[in-house]
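Here is how the chains run, residue by residue.
2 protein chains.
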Amino acid sequence: MKLAVIGLGNIGRGFMSVLREKQGFLAKKYNLGFSVVAVCEKDGCIVSDKGIDLKSVLKVPMKKHPSWTGRKTLDVLSSSAADIALEFTPGNMKTGEPGFSHIMKALGCGMDVVTSNKAPLALAFREIMDYAKRKDSEVRYEATVGGAIPLINLYRSTLQANEIRNIYGILNGTTNFILSKMSEESVSFDTALREALELGIAESNYRYDVDGVDTAVKVVILANAIMGKDISFSDVAVTGMREVTAETIELAKKHGSEIKLVGDVSQLEVSPRLIPQWHPLNISGVLNAVMLETDVAGDITLTGVGAGPRETVSSILSDVIELGLKRQA
Amino acid sequence: MKLAVIGLGNIGRGFMSVLREKQGFLAKKYNLGFSVVAVCEKDGCIVSDKGIDLKSVLKVPMKKHPSWTGRKTLDVLSSSAADIALEFTPGNMKTGEPGFSHIMKALGCGMDVVTSNKAPLALAFREIMDYAKRKDSEVRYEATVGGAIPLINLYRSTLQANEIRNIYGILNGTTNFILSKMSEESVSFDTALREALELGIAESNYRYDVDGVDTAVKVVILANAIMGKDISFSDVAVTGMREVTAETIELAKKHGSEIKLVGDVSQLEVSPRLIPQWHPLNISGVLNAVMLETDVAGDITLTGVGAGPRETVSSILSDVIELGLKRQA
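Protein sequences appear in the order of chains F and Y.
Terminal number for the first sequence in my numbering: 329, no gaps in between.
Terminal number for the second sequence in my numbering: 329, no gaps in between.
It cannot be assumed that every hint is accurate.
Copies of one chain are not kept apart here, so a pair can be met inside one copy or by any two copies together.
[Stated by the list, open to error] Capping the alpha-carbon separation at 35 Å, the derived lysine-lysine pairs in DSBU-like fashion look like this:
| no. | residue 1 | residue 2 |
| --- | --- | --- |
| 1 | K29 | K326 |
| 2 | K28 | K229 |
| 3 | K135 | K28 |
| 4 | K2 | K63 |
| 5 | K55 | K229 |
| 6 | K50 | K28 |
| 7 | K2 | K133 |
What the hints contain is simulated information worked out from the structure, not anything from laboratory work.
Kindly generate the complete structure, drawing on both the sequences and the hints.
This is the structure we're talking about:
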């Protein structure tokens, strides 16, 4: 199975590093061999139809690699022998680019696509899926929601007989860390945020998290992917967590609840909500937790690491393996 | 897809009732049609190669059904046109019968098997799986562990790249209800048990639950199914929950923990353990919660309804649909 890796940030590097580690395991367990035939960044690509040594890509600066070329991603995809394109570029929530163009190009070339890039899916879900269908290809995106939590594939592969009545939960680890900190140590938002920044849990673009935008993007993807809707980012009513004070949290605790930033897919809403202390969604720290309300299985909750380059690769590889097995069949 | 349903207790009835409700949905979504060609109980079977009207089976006493025959299950399986046999008889933890013979017979006749019956799997896992492999058939058993929680299929279909380092958690809803009650209302084991019995959460054979046997059986199945072991019931060290007093629970709470009856698959142990209040396994009421420790995705926890005839059918149908799609391909 030939792969083109687009984007060499944390996720792209994490993917190649885990793929190196797991190649023997995947060959033995699934009889699947993977070779990376292109690695692309903004300025150019490393290209080799015979397969690129992953160790060399992880060690050497890209432009110094013997197989480096200044050709751009879209051009390289046009002539690539890849079966699956992996889109890991950073998302731009205004345009969806460059991910959108990469995905459409790869589909146009007959490739399947696996992506961790939320922006194109939040802005143009139906357009992408319709085009994939027309090209008889697939776009998989488990990694866009909940990091390591296999939410979409859980729905697809284990709850087949169920209709999903709602999906809601904690979809952003940074805000959950801040709210947990405020609750456990009775500190202010600013103090908790500072600690999150120091620990590298929050990044410089933390506004995206605390204002609820990241959660809203995931609500859009889940609504379209699992609940059959056709919505975009602007359809979600978003309230972030800045108004939540240590005093409000204290009051909530007195009544047996915690305050969490919750994304609610059937309501198309992101807002701080009271979660009773006994509730499966009452999870602290950087974890994510998502509840699926179903008509047969009742409520199923999945909890796990919502971010992290290594953990997220579990979701990416799940999609890659599924597509690999399909292509092999 | 032709089905033989063996065992007409709560699960068997629940299955047929949900199948009736979902037939249109499954036909539309998966292009799968199911007809039940045999329904078997101890004294005989309802048999019709053209398909049995499920409503009639659910309404009329079996022996009054027009397609009733006194022929026994093994005999009916021998000549049945069924593609998949569903084994729902009660388990006998000494012999594994009658489930074991039903499963082996169905495999011998070229059928796939889906079962909710823990006893045969806990006593003879490898023997059953080896025979299935030789016959080029499959035995699926999602419903044997965790009721509605799709634990085995989660592992199989969404964590493919991971090695599982441990599985542990609360695998029995009755004991979790009793321990939660003791903790929340500071009552004794006897008082909590009485309430569980009154509510129908505990049954007359509650010893099986409180002494840890039910949890141990699930540990055996998970060890064999997910962690590649080859063990049987006698390999598990089992301590039940009778020694846990309201005072111990009070003391644990003072130190920020709850006491839960935990099955630990890598340790092959069932015992009451301290679970910190912030931990994802700290779940109260009749819910089950299971944590998978993985090498790539980190810790993933699944929480849901651990029993119940309707909820468990979600797991059964997941297996039936997978097998149906495979046979159709």
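Checking K55 and K229: alpha-carbon separation at most 35 Å within a copy, between copies, both or neither?
Between copies only: 34 Å across chains, 42 Å inside a chain, cut-off 35 Å.
Have a look at K28 and K229 and pick one of within, between, both or neither, based on CA distance no larger than 35 Å.
between (39 Å within a copy, 18 Å between copies)
Intra- versus inter-copy proximity for K63 and K2 (alpha-carbon distance at most 35 Å):
Answer is within; shortest intra-copy Cα gap is 22 Å, inter-copy 60 Å.
At most 35 Å between C-alpha atoms: does K135 with K28 qualify within a copy, between copies, both, or neither?
both (31 Å within a copy, 23 Å between copies)
From the Cα coordinates, with 35 Å as the cut-off, is the pair K50 and K28 best called within, between, both, or neither?
within (21 Å within a copy, 43 Å between copies)
Measure nothing new, just compare the shortest in-copy and cross-copy C-alpha distances for K29 and K326 to 35 Å and report within, between, both or neither.
both (15 Å within a copy, 19 Å between copies)
From the Cα coordinates, with 35 Å as the cut-off, is the pair K2 and K133 best called within, between, both, or neither?
both (21 Å within a copy, 31 Å between copies)
Of the numbered hints stated above, none is contradicted by the structure.
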